[in-house]
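> Protein chains in written order, with UniProt numbering: chain E, 1 to 411; chain H, 1 to 400.
Just so you know, not all the hints are guaranteed correct.
[As the list claims (entries may be wrong)] Here are some chain H residues pointing at chain E (derived, C-beta under 8 Å):
id: 1; residue: 220
id: 2; residue: 231
id: 3; residue: 393
[To be verified] A short list of chain E residues far from chain H (calculated; beta carbon distances all over 12 Å):
id: 4; residue: 88
id: 5; residue: 89
id: 6; residue: 296
FYI, nobody ran anything at the bench for these hints, they're computed from the structure. These numbers were taken from a predicted model, which means no experiment stands behind them. Ideal Cβ placement from N, Cα and C applies to all residues, glycine included.
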Amino acid sequence: MFVHLSAFYSYRSLPFCRFFLQIEEEEGGDSFDIHISVSDPEKVGDGMNAYMAYKVTTKTSVALFRQRDFSVKRRFSDFLGLHSKLASKYLHIGYIVPPAPEKSIVGMTKVKVGKEDQSSNEFVERRRSALERYLMRTVKHPILLKDPDVLQFLESSELPRAVNTQALSSAGILRMVNKAAEAVNKMTIKMNESDAWFEEKQQHFENLDAQLRKLHASVECLVCHRKELSVNTAQFAKSAAMLGNSEDHTALSRALSQLAEVEEKIDQLHQDQANADFYLFSELLGDYVRLISAVKGVFDQRMKTWQKWQDSQMLLQKKREAEAKLQFTNKPDKLQQTKDEIKELEGRVQQGERDFEQISKTIRKEVSRFEKDRVKDFKMSIVKYLESLVQTQQQLIKYWEAFLPEAKAIS
Amino acid sequence: MSSFDENNKERLRSVSVDLNNDASLLIDIPDALCERDKVKFTVHTKTTLSSFQKPEFSVPRQHEDFIWLHDTLVETEDYAGLIIPPAPPKPDFESPREKMHKLGEGEATMTKEEYTKMKQELEAEYLAVFKKTVQVHEVFLQRLSSHPVLSKDRNFQIFLEYDQDLSVRRKNAKEMFGGFFKNMVKSADEVLIAGVKEVDDFFEQEKTFLLDYFSKIKEATAKAEKMTRSHKSIVKVSPYNLNKNTHSVNTNDVVFLQILTLDHISDLFEKLRKVEGRVASDEELKLTELLRYYMRDIQAAKDLLYRRARALADYENSNKALDKARLKGKDVSQAEEHQKRCLQKFDTLSESGKKELTNFKARRVVAFRKNLVEMAELEVKHAKNNMTLLQGCIELLSGN
Chain E
1 MFVHLSAFYS
11 YRSLPFCRFF
21 LQIEEEEGGD
31 SFDIHISVSD
41 PEKVGDGMNA
51 YMAYKVTTKT
61 SVALFRQRDF
71 SVKRRFSDFL
81 GLHSKLASKY
91 LHIGYIVPPA
101 PEKSIVGMTK
111 VKVGKEDQSS
121 NEFVERRRSA
131 LERYLMRTVK
141 HPILLKDPDV
151 LQFLESSELP
161 RAVNTQALSS
171 AGILRMVNKA
181 AEAVNKMTIK
191 MNESDAWFEE
201 KQQHFENLDA
211 QLRKLHASVE
221 CLVCHRKELS
231 VNTAQFAKSA
241 AMLGNSEDHT
251 ALSRALSQLA
261 EVEEKIDQLH
271 QDQANADFYL
281 FSELLGDYVR
291 LISAVKGVFD
301 QRMKTWQKWQ
311 DSQMLLQKKR
321 EAEAKLQFTN
331 KPDKLQQTKD
341 EIKELEGRVQ
351 QGERDFEQIS
361 KTIRKEVSRF
371 EKDRVKDFKM
381 SIVKYLESLV
391 QTQQQLIKYW
401 EAFLPEAKAI
411 S
Chain H
1 MSSFDENNKE
11 RLRSVSVDLN
21 NDASLLIDIP
31 DALCERDKVK
41 FTVHTKTTLS
51 SFQKPEFSVP
61 RQHEDFIWLH
71 DTLVETEDYA
81 GLIIPPAPPK
91 PDFESPREKM
101 HKLGEGEATM
111 TKEEYTKMKQ
121 ELEAEYLAVF
131 KKTVQVHEVF
141 LQRLSSHPVL
151 SKDRNFQIFL
161 EYDQDLSVRR
171 KNAKEMFGGF
181 FKNMVKSADE
191 VLIAGVKEVD
201 DFFEQEKTFL
211 LDYFSKIKEA
221 TAKAEKMTRS
231 HKSIVKVSPY
241 NLNKNTHSVN
251 TNDVVFLQIL
261 TLDHISDLFE
271 KLRKVEGRVA
281 SDEELKLTEL
291 LRYYMRDIQA
301 AKDLLYRRAR
311 ALADYENSNK
321 ALDKARLKGK
331 DVSQAEEHQK
341 RCLQKFDTLS
351 ESGKKELTNF
361 KARRVVAFRK
371 NLVEMAELEV
381 KHAKNNMTLL
391 QGCIELLSGN
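Extracted from the complex, chain E is given alone in its bound form:
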């Protein structure tokens, strides 16, 4: 049974999502002419095995791709699969891999069960929008764009199913990252941070993380309240209309009916504003909270790399001590074995040092790229949000100024 849900798209919410993508394009646009859209969510299958298939359309002039304009069908677990592959390849060497959208058991179950109500439609729309932003951020990364998994994801008509996406969800990855962080904290040897840059940056991102989370929680609250206000305004509008009908003074009756109409329009404004609050602001903040977590994860990977290097060094030290001891015993085989192990460990230590230096270099580059892109991106998103607020106020002025003569006409 196929259920085509694209018809439900609130034409109001859609423009906001488009704004998002326009910003992304305007920004990194020059060297990467690539635009991805996620659309046409379609329910495939029935019952608990059902899933949502999304159309992923790529429009690009980048030579890596075989065509300039092409589409594929993907499901949510495919996105998660892509992310986990990228994370496993690039996280540990210091690249900031954009996080995938969160899994949601509750939201998805409603959709599977076939509830076609407002909230499950909103859920699908929210997810669609998040998947789109995720892909755009991924392809904006110069290294990730060239990754064969990314190319395959965008181009192949058939994709091997990503298994075990439980562990591979972005929440799962974050859990892994957090565990790494815990391990880092429990490190017996305190990392000798020779580089003040890292210490400073880490602190900076910690602060940012805390503030963004707080802000995000509050904005989610705001969206809720605004929706409630919209409902109450609509109810008041109805009661004002009835009052106007009951009123026997003609001019006052007309004014009350006008008031009812104004309030109805304002109710609509509140709804639109709540959508803007949500799509332009709240989701933006949510994305950034997850992004900052990814950044923090990368710093932790550096710590892990350092730890690995240190461990190898300690092992080497021990082996050397063992070698020294063996010199005085008559165990030529054992001695040789130890010498071999030392050789190997020396190699490992050297590699460890190289890895550490490499990841440090990569992170520096990544962070400054991140800062450059994200600052502009975030600022422009905020501006778009503020502009939506301005629009609301303009509409309010229009409605009330139109009402004023009606009110004055009461005599």
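Start from chain E and add chain H according to the hints.
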């Protein structure tokens, strides 16, 4: 912290009402004190009437004094044909008081900034409740002063002038009990209004209209209250309450930090929040309070209809009694007297009732006009304010 528990003097400008423009008797409430549970209103009178001892004077009055005055007027037989202005509702500081409690309890866990901000919000809320209650008490007195008959009431004069505590007069327990009993009987007999056969077209129309209008305005008041409450709760959600990052950072990071710690944004949203707060409270004062007041006023008009219906019923009963007396041939003159009195009472009530109800309609229309116009103007003003704030911030961000 304890500044609210102690005398909190608030200088409040009285909301101008069309009622207060007869120079012979001008009343306003320029001042109000909040002492724990009690609110003390300063009632200020300016008059050219010789019935008063002085041309200008002020007295302190409590809410209970207003109720006493209202009740004595309601129970005065002579005023049965008048719409008695509805009594002002009790000042309700429950909500801000609860908050103050929370503030006190949470003081230890909050930062200085958070605490100061909450305190400011609390003060604003107190002020809003104050404004509301002063307005409603003031309007009550001004309705009386602008009424040709009620303004001459002896108790009204005492209320305005008597410079001692009125509580002694109030504590007339028998009077209060009597009043309460009367109220009970009145509500039980409300069926009478609907049941009585109407002889006069005017009153028939008024009755139908008022009964229907009352239920509609009650509904509208309830919905307006809900809407205003929602509006206020949005204002309370303070998302943009970020502690400014005071860590020293190198200059390369300053821009990034500024944007992402949203210094400009949090300032902007704080200002927007304040404006929204004013929008919500203006909406409440002009719309919700308007509806609430007229809901009570219509109830008072209904009470008048009720009293007239009773008088009509009495008259009809006296007719029946007269017929019976004539049949029996006993106490006829007595019954005639009674019937004549009932008729007189009914006619007086009808005559003054008609005048009152006509004036009531005019008054209501004027009040609606005034408040709706003011509300629309304020909404426009606040929206323009918001726009300026927003556009300023957008310029700032885009320019960087």
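> Can residue 220 of chain H be said to touch chain E, with a Cβ gap under 8 Å?
Since the shortest Cβ distance to chain E is 4 Å, the answer is holds.
> Taking 8 Å as the limit, does the beta-carbon of residue 393 of chain H come near enough to a beta-carbon in chain E?
holds, 6 Å
> Per the stated criterion, does the least C-beta distance between residue 296 of chain E and chain H lie above 12 Å, as a non-interface residue requires?
holds, 14 Å
> With 8 Å as the cut and Cβ atoms as the points, is residue 231 of chain H at the interface with chain E?
holds, 6 Å
> Examine each Cβ of chain H, and state whether all of them lie more than 12 Å from the Cβ of residue 88 of chain E.
holds, 29 Å
> Just want to verify: residue 89 of chain E was marked as not at the interface with chain H; is every Cβ pair farther apart than 12 Å?
holds, 28 Å
When each numbered hint is compared with the structure, no violation occurs for any of them.
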